[in-house]
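Work out the full structure, taking the sequences as your base and the hints as a guide.
Chain order of the listed sequences is A and B.
Here my numbering is used: position 174 in the first sequence is 966, and no number is missing along the way.
Here my numbering is used: position 164 in the second sequence is 302, and no number is missing along the way.
The set of hints was computed from the structure by calculation and includes no laboratory data.
We put the beta carbon where it would ideally sit given N, CA and C, even for glycine.
Check the hints yourself; a few may be wrong.
[To be verified] Now the stretches of chain B that chain A is said to cover, found in silico as 3 or more residues with beta-carbon under 8 Å:
| hint | segment |
| --- | --- |
| 1 | 163-176 |
| 2 | 244-253 |
| 3 | 278-290 |
| 4 | 307-319 |
| 5 | 445-453 |
[As the list claims (entries may be wrong)] Here are some of the chain A residues that sit facing chain B, going by a computed Cβ distance under 7 Å:
| hint | residue |
| --- | --- |
| 6 | 823 |
| 7 | 846 |
| 8 | 847 |
| 9 | 848 |
| 10 | 850 |
| 11 | 854 |
| 12 | 918 |
| 13 | 919 |
| 14 | 1031 |
| 15 | 1086 |
| 16 | 1090 |
| 17 | 1092 |
| 18 | 1094 |
| 19 | 1097 |
| 20 | 1098 |
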Amino acid sequence: MDREITFGDAVIEALQEEMRRDPSVYLAGECIQVSYDRSPLLEEFGPERVRDTPISETAIIASSLGAAVTGMRPVAHIMFTDFLCCCMDEIVNQVAKIRYMFGGKANPHLVIRVQSAGGGRSAAAQHAQSLESWFIHVPGLRVVFPSTPYDAKGLMKTAIRSDDPVMFFEHNQLRRIKGLVPEEEYTIPLGDADLKREGKDVTVFAYGYLLHAALSAAESLKKEGVDVEVIDPRTLSPLDKDAIFKSVKKTGRLVTVEEGAKTGGVGAEISALVADEVFDYIDAPIKRVAALNTPLPMSPPLEKFVLPNESKIIEAVKTIV
Amino acid sequence: MDKEIMTGMYRNMCKIRRFEEKVSELFAAGRIPGFVHVYIGEEAVAVGACSALMKNDYITSTHRGHGHCIAKGGDLKSMMAELFGRRTGYCKGKGGSMHIADIDLGILGANGIVAAGIPIAVGAALSAKLRGSDQVALSFFGDGASNRSTFHEGINLAAVWKLPVIFLCENNLYAQTTPAWAETAVEDIADRAVAYSIPGKIVDGNDVVAVYETVEEAVKRAREGGGPTLIECKTYRWRGHWEGDPQRYRDQGEVEEWMKKCPIQRFAIHLMKKGIHTEEELKEIDDAVKNEVDEAIQFAEKSPLPDPEEALEDIYASTGRQVT
Ligand SMILES: Cc1ncc(C[n+]2csc(CCOP(=O)(O)OP(=O)(O)O)c2C)c(N)n1
Ligand SMILES: [Mg+2]
Chain A
793 MDREITFGDA
803 VIEALQEEMR
813 RDPSVYLAGE
823 CIQVSYDRSP
833 LLEEFGPERV
843 RDTPISETAI
853 IASSLGAAVT
863 GMRPVAHIMF
873 TDFLCCCMDE
883 IVNQVAKIRY
893 MFGGKANPHL
903 VIRVQSAGGG
913 RSAAAQHAQS
923 LESWFIHVPG
933 LRVVFPSTPY
943 DAKGLMKTAI
953 RSDDPVMFFE
963 HNQLRRIKGL
973 VPEEEYTIPL
983 GDADLKREGK
993 DVTVFAYGYL
1003 LHAALSAAES
1013 LKKEGVDVEV
1023 IDPRTLSPLD
1033 KDAIFKSVKK
1043 TGRLVTVEEG
1053 AKTGGVGAEI
1063 SALVADEVFD
1073 YIDAPIKRVA
1083 ALNTPLPMSP
1093 PLEKFVLPNE
1103 SKIIEAVKTI
1113 V
Chain B
139 MDKEIMTGMY
149 RNMCKIRRFE
159 EKVSELFAAG
169 RIPGFVHVYI
179 GEEAVAVGAC
189 SALMKNDYIT
199 STHRGHGHCI
209 AKGGDLKSMM
219 AELFGRRTGY
229 CKGKGGSMHI
239 ADIDLGILGA
249 NGIVAAGIPI
259 AVGAALSAKL
269 RGSDQVALSF
279 FGDGASNRST
289 FHEGINLAAV
299 WKLPVIFLCE
309 NNLYAQTTPA
319 WAETAVEDIA
329 DRAVAYSIPG
339 KIVDGNDVVA
349 VYETVEEAVK
359 RAREGGGPTL
369 IECKTYRWRG
379 HWEGDPQRYR
389 DQGEVEEWMK
399 KCPIQRFAIH
409 LMKKGIHTEE
419 ELKEIDDAVK
429 NEVDEAIQFA
439 EKSPLPDPEE
449 ALEDIYASTG
459 RQVT
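Printed below as a string of structure tokens:
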């Protein structure tokens, strides 16, 4: 039986189910006991397993790593993507590399839950960034960026069970969106893209909040006779190359969409992969829709100018069909 | 303390209060975008501390920075316009509440990253020392901030290099939703000074005179080459952590108890008792301040929004523009 629940509640359900199933799962982070959305987790699992931390991003990540390699499965909470910058050594030098450096003998099975990713609400340069592309560059990390309540729940459950460290990004504009989620248990494997809309003229690669912008762009373009296929990678590492290639082979055209700055972004990687491996199938230049290469400004007209949106996706599609 | 300083302190405390009251109204009415954290209840800290500084001394501020900026002499119009995201704002609309700065007044910025300003103040103090200037730097930060590595690294560095810095902790008993007792191992953050071999002082943060005197002494010590001081001001924020905070983590009774200890009322009583000002005079000061705040709002509302393309300016020094 499916019910309609919010993205935020879907993630909480995943945490709850996994905490019931596996006593080694615990949560740690700033102000998580009294979160934005009321959650039943503190009441059910108590403060031992729902741990409020001091404002200490370095210690949140590193202590989770220490707990992970000694048998626990922490879900370390970082409030905003931007604050990942406060614990980059822990993520990049420690968490990502420990398995490799130790010859495969350590299991850093922790989830880094990024509770608020992305912009769109005038939160300015230090509370609105999209930095997921940094982490796909780091071997050893898994990067998940769901767009729907269904995907968020299934992927969070898999992330917790994964023996690899998983960065789990939740876009701030998705927290309250609703979607159908089964009551029965399910999981979604990492590295399994989802075709969110079938079409034959052009492939739009989009994830997170902008997946929804891509879907509405597709609806608008349909009225103009352009049949858009929308593919949601759901996880950026591992990346479901086959699904992307399959779609591109069918449509011969590709637009990538992401909220981070264009230079060195996710779209750059996807474009390079396509150019490298399925070049013969491409009939038009690959277009990247991304933020302009600026820090995020606070003033609404500035932020709107910098961030990608539905109309910028439509524009990009039109230049190649 | 001379009368002029005291009058100025009272005026600045009122300015902060009236400014913040309007900000929270305007935010609730949807007139101010972004994230806003107001300072009501903590006015004595910013005003006491900044009154002990010279105009060319430096401060670093926090996400809750309006009070610091006003106390250091910030211009209400430029501040309000910034909150409104207007071109005439302190940061041309790019920064908003969490990034207001006025380098000319030594205000090295509000900061969206908790505790980020602490080692930045250390650098400003080092710079003053290297340039042979007698400027000092004062860093405002919260109880929550004192748990970040930047606090510990910053203070240790300043202590080792004997730099002219004042570390000013505003202990308002909460870091967002977490009570200080639940996240800080010491009861008094001032105790942490021991670890860095510097003086640690505790002050009633709702007593503007006490804050002034304590900071003044630390400033003197810093200017004379005696190195840094850690000062903890015990205070309380009356409103939610951010505007819109449902405040499920504390009970209203606690808030009301603290509202009885209003720092502005307390200073008013002090001024009247000492015969420095009459009630009438104090009211005149407050009324003038209210007008000033209203003018700042009118200025902000009349100011133009930036053109979208202005987003591409100020990224680099060399071209001023980012070329894609
Ligand atoms: C590095 C970092 N972590 C978390 C946050 C989110 N955050 C903003 S303010 C705040 C609480 C700060 O508490 P405190 O330092 O006591 O200052 P107060 O808000 O009480 O003035 C938190 C957790 C942040 N901005 N930066
Ligand atoms: Mg605090």
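Against the structure, the hints:
no.	hint	result
1	163-176	holds (count 3)
2	244-253	holds (count 5)
3	278-290	holds (count 5)
4	307-319	holds (count 4)
5	445-453	holds (count 7)
6	823	4 Å, holds
7	846	4 Å, holds
8	847	5 Å, holds
9	848	5 Å, holds
10	850	5 Å, holds
11	854	11 Å, violated
12	918	3 Å, holds
13	919	5 Å, holds
14	1031	25 Å, violated
15	1086	5 Å, holds
16	1090	3 Å, holds
17	1092	6 Å, holds
18	1094	4 Å, holds
19	1097	4 Å, holds
20	1098	5 Å, holds
Against the hints set out earlier in the document, violations occur for numbers 11 and 14.
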